[in-house]
Amino acid sequence: MKETQALRKVTIHFAGDSGDGIQLAGSQFANTVALAGNDLSTFPDFPAEIRAPIGTVSGVSGFQINFGSEEIHTPGGRPDVLVAMNAAAYRKNFASLKPAGVIIVDPAGFDKKNLRLAGYDDEENPLDNKPADYQFYEIEVTRLNRDAMKDVDIPPRDRDRSRNMFVLGFIYFLYNRNLEVTLNFLEDKFKTKPTVLEANRKALQAGYNYGDTIEAITRYRIEKAKLPAGEYRNVTGNQALAMGLIAAAKKSGLELFYGSYPITPASDILHELAARKNYGVKTFQAEDEIAAISSAIGASFGGAIGTTGTSGPGMALKTEALGLAMMLELPLIVVNVQRGGPSTGLPTKTEQSDLMQAVYGRNGETPIPVIAASSPSDCFWAAYEATRIALEHMTPVIVLSDGYLANSSEPWLFPKAADLAEIKPPFRKETGTYLPYGRDEREVREWAIPGTPGLEHRLGGLEKEDKTGNVSYDPENHELMVKTRARKVALVAKDYPKTELIQGPDKAEVLVLGWGNTLGAIKVAVGEAINQGLSVAQLHLRYINPLPDDLGELLSNYKRILIPELNDGQLVRIIRDKYLVQADVLDKIQGKPFLAEEILEAIKKMVNYGE
Amino acid sequence: MENEVKLTAKDFSSDQEVKWCPGCGDYSILKQMQSVVPELGIERENIVFISGIGCSSRFPYYMNTYGMHSIHGRAPAIASGLKATNPDLSIWVITGDGDGLSIGGNHLIHLLRRNVDLNVLLFNNQIYGLTKGQYSPTSEEGKRTKSSPLGSLDHPFNPLALALGADATFVARSIDRDPKHLRDILAKSHLHKGTSFIEVYQNCNVFNDGTFLNFSDKKLKDQHIIHLEEGQPLIFNQGKQGIRLNGLKPEVVSLEEGFSANELWIHDSSDATKAYILSRFFDDTMPRPFGIFYQEDRSSYEEQMIAQLERAKEHMGEGDLDDLLRGSRSWTVD
Ligand code: SF4
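These protein sequences, in sequence, are chains A and B. If you read the first sequence in this note's numbering, its first letter stands for residue 47, the second for the next number, and so on. If you read the second sequence in this note's numbering, its first letter stands for residue 92, the second for the next number, and so on.
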């Protein structure tokens with residue numbers, strides 16, 4: 047007898063060895079529930095090594111998805127369901143599971159060898175001593191899947207490779223989903239490998255059927271979410287970012303040039319763009335990070351939109367060239383997909399610890415606009431807006447994303463190309479006197495492209511004379527130029543839309559001020575706090591430098607400001623410095639995003655403290 | 092151009108006062124460049140000079156063309172991005188032994204292997220001039236400078252051997268004190284499709300005066316220089332001596348004592364092995380070769396980049412922004 051229970055939202059955590067196909071199973075599940083109309087958010091958690099030792103805790107790959115019939119803002123806190131393909135996956139994730147959660151395990155992954163690799167003592171098998179209250183599905187995935195492979199002409203060593211599809215099939219049964227999306231995907235992916243296709247198809251079907259045959263199993267139904275009407279797609283942060291650059295280039299009528307050196311977690315931007323050659327995108331895999339940004343500067347000098355992407359250590363290497371771009375006053379986009387630092391740090395983990403570097407990290411007085419993305423799909427808008435500012439204000443712009451946004455996905459109500467704002471670079475076309483450093487009322491200089499007759503000029507990193515751009519060591523001129531460049535960047539804020547609260551009253555005890563990937567977790571936390579009657583509001587910053595002109599006044603309406611950051615307190619210092627307000631940080635430096643409950647707790651503490 | 096006005100060297104000289112030390116070899120190189128470019132048939136607006144940091148890197152300021160005085164060592168990378176997006180420009184990278192072989196060594200070798208169609212002029216004065224006299228990556232071993240009071244321990248680079256090792260497609264050497272030769276090499280480098288690498292011996296009369304005296308002094312140079320002429324035997328010292336190849340071993344032979352020109356090595360700039368042997372004429376036992384060591388026809392980086400874009404458009408169709416945004420799987424919420 048099968049019951050069906052309705053749920054509003056569910057968080058599932060898929061975990062297994064990095065060779066178990068966890069990411070594929072997870073992303074397939076995400077696509078299926080998205081197409082079925084649920085809202086969702088995902089969070090892949092990769093092991094640090096490409097092929098970490100098989101069966102060990104450090105080799106566990108995870109994929110978490112939170113989906114539901116209501117609006118979803120985060121990949122979920124503690125999961126409701128844990129899928130553990132082996133003992134290591136179980137060991138790593140059991141503690142974070144919700145009390146009374148569901149656990150799906152394959153006993154074959156808990157044999158002596160796996161137990162030993164996972165660090166369990168001899169004879170200690172967690173499956174022999176299952177914690178009460180939890181609902182275990184102990185499914186002999188390996189054996190059942192081998193049965194399903196009986197008639198498939200596949201070498202014995204490959205027959206276990208489709209176990210991920212078996213498990214996925216079972217989950218589809220559990221959550222009342224059909225197999226169509228994944229079947230289509232498999233057909234496309236294994237077009238040229240009919241045996242592999244058959245193996246995966248059979249495994250998926252077998253997993254689903256298995257669910258159907260076992261007795262006394264509860265199935266779940268999650269209704270469609272009430273999302274704004276329109277056309278949606280799933281998108282990861284890196285995909286969205288790449289599209290934002292392409293869209294901005296198209297809308298401004300410029301060629302897009304992306305110079306980059308492979309680095310985790312930014313490489314996917316390079317991959318995305320390299321696959322878009324039919325959009326006229328020129329990608330250049332440079333010999334190092336410095337050449338990557340330098341080539342982009344060269345492209346911008348030549349009238350293209352030069353862009354480059356990297357992560358923290360690469361950002362450090364690009365610093366000198368960033369200073370040059372600022373001095374040349376050429377448009378340039380530098381994307382920093384932040385990861386755990388310092389130094390090589392935690393390459394596969396997320397962090398927001400490059401904010402200070404972005405705002406201040408250069409020699410000399412080198413102001414550069416900084417823009418932060420706050421969700422996977424928002425990476426599109428951040429890249430688009432950054433490119434607009436770079437082109438219309440003739441300045442390098444830094445875009446801050448991070449490992450979490452880069453790899454997470456969410457449904458996106460994508461825009462129509464025609465609805466995207468126009469971008470108008472200040473090209474100088476007509477001949478006649480050209481002052482390379484003459485400026486308009488926004489302190490923006492004109493962009494004259496090599497190849498244009500009569501506008502020949504020389505740029506350089508030496509201090510330049512006002513207007514002419516000739517080399518100048520004049521003391522007053524230097525001060526004038528430093529101040530002018532600062533004013534030019536400050537004036538970028540004149541374009542900003544009015545700063546709006548995300549939620550909460552205009553005046554309250556506490557304002558939770560965020561930037562970057564904390565948006566979703568803060569939304570859930572502040573929403574809950576408001577429900578509980580606390581006096582709290584939420585504001586999220588897109589523009590980190592220059593800060594919005596109307597921010598100071600907004601902040602003054604709150605007694606205390608709480609700034610959750612995945613670092614040791616960076617935005618908080620800038621806010622205190624600039625506005626002299628009472629701001630406190632809620633820091634988390636674990637390579638993981640915030641859980642909403644952590645922020646809620648901090649809000650409560652702050653409200654109570656104030657009383 | 093609408094009305095064909097013939098430009099002269101003067102048209103290519105900018106309004107900026109040239110600020111190298113009096114007597115610096117850079118003056119001659121600038122002058123040769125300014126007199127060669129009008130002959131090349133390129134419009135002024137299509138010429139770009141890109142330099143890094145160092146004495147030689149001030150060069151772009153003095154050319155009335157487009158130009159960029161960039162940061163230390165990075166000119167090859169900047170020029171690569173510029174050329175990739177503006178393949179019609181004639182781009183000249185101006186660098187020195189410190190800029191191009193020390194801090195920018197990595198970019199230089201990668202530029203050469205990619206074969207981006209631009210010209211690199213490496214002013215080699217075997218010293219750091221702008222920072223006032225430290226030994227450079229081309230300074231001879233044991234050189235005493237402010238940073239090596241007891242003599243430098245560094246083994247020097249052989250720039251042309253390095254360029255050949257990086258699979259450069261045009262490798263040549265010239266010298267500031269031979270204007271005609273330098274102009275000739277500059278013109279030929281312009282004609283070459285792909286990266287042209289030209290090492291120019293340049294005298295720094297303040298910090299390293301006379302390093303190249305053997306190759307510039309009237310009395311000395313005949314014995315120390317050998318000019319490479321395509322299809323011609325390797326003869327030097329006013330026809331008195333020549334080079335013969337004994338297997339792969341070059342030998343100096345005397346034409347006055349029985350050897351005839353027929354027995355000598357005939358210069359063939361398409362032969363990579365011989366070019367490498369020539370590049371190893373690097374000590375006092377052999378005359379120093381000047382001219383084009385090696386030249387090869389290999390398609391340029393930006394040519395291939397553009398071809399790839401064209402092919403992608405043919406196969407996948409010109410990209411449409413709405414298609415991109417929609418992706419392969421979208422769904423509608425009513
Ligand atoms: S220091 Fe040497 S290389 Fe530099 S300008 Fe003076 S003479 Fe020329």
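Since the hints were made in silico from the structure, they are not lab data. Possibly wrong hints are sitting among the right ones.
[To be verified] Which residues of chain A face chain B? A partial, calculated answer using Cβ under 10 Å:
{"no.": "1", "residue": "Pro201"}
{"no.": "2", "residue": "Pro202"}
{"no.": "3", "residue": "Asp234"}
{"no.": "4", "residue": "Phe236"}
{"no.": "5", "residue": "Pro240"}
{"no.": "6", "residue": "Gly276"}
{"no.": "7", "residue": "Lys328"}
{"no.": "8", "residue": "Lys462"}
{"no.": "9", "residue": "Ala467"}
{"no.": "10", "residue": "Leu505"}
{"no.": "11", "residue": "Asn516"}
A quick note: this is a predicted structure, and the numbers were derived from the prediction, not measured. Think of the CB as a built atom: it goes at the ideal place given N, C-alpha and C, for glycine as much as any other residue.
Hints, one by one, checked against the model:
The criterion of a C-beta within 10 Å of any C-beta in chain B is not met by Pro201/A, whose closest approach is roughly 31 Å, and the hint is violated. Hint status for Pro202/A: violated, given a least beta-carbon distance of 34 Å to chain B, over 10 Å. Proximity of Asp234/A to chain B holds as hinted, the smallest CB-CB distance being about 9 Å (cut-off 10 Å). A distance limit of 10 Å between C-beta atoms decides the matter here; for Phe236/A the minimum to chain B is near 16 Å, and the interface restraint is violated.
Hint status for Pro240/A relative to chain B: violated, with the closest Cβ pair at about 22 Å, above 10 Å. Hint status for Gly276/A relative to chain B: holds, with the closest Cβ pair at about 6 Å, below 10 Å. Interface hint at Lys328/A: satisfied, since its Cβ lies 6 Å from the closest Cβ of chain B, which is below the 10 Å cut-off. Interface restraint check: Lys462/A against chain B, minimum CB-CB distance 6 Å, threshold 10 Å, status holds.
Hint status for Ala467/A relative to chain B: violated, with the closest Cβ pair at about 14 Å, above 10 Å. For Leu505/A, the suggested interface contact is upheld, since its CB lies about 5 Å from the closest CB of chain B, less than 10 Å. With 10 Å as the threshold, the beta carbon of Asn516/A comes within range of chain B, its nearest partner Cβ sitting at about 7 Å, so the hint holds.
Taken one by one, the earlier hints fail for this structure at numbers 1, 2, 4, 5, 9, listed in ascending order.
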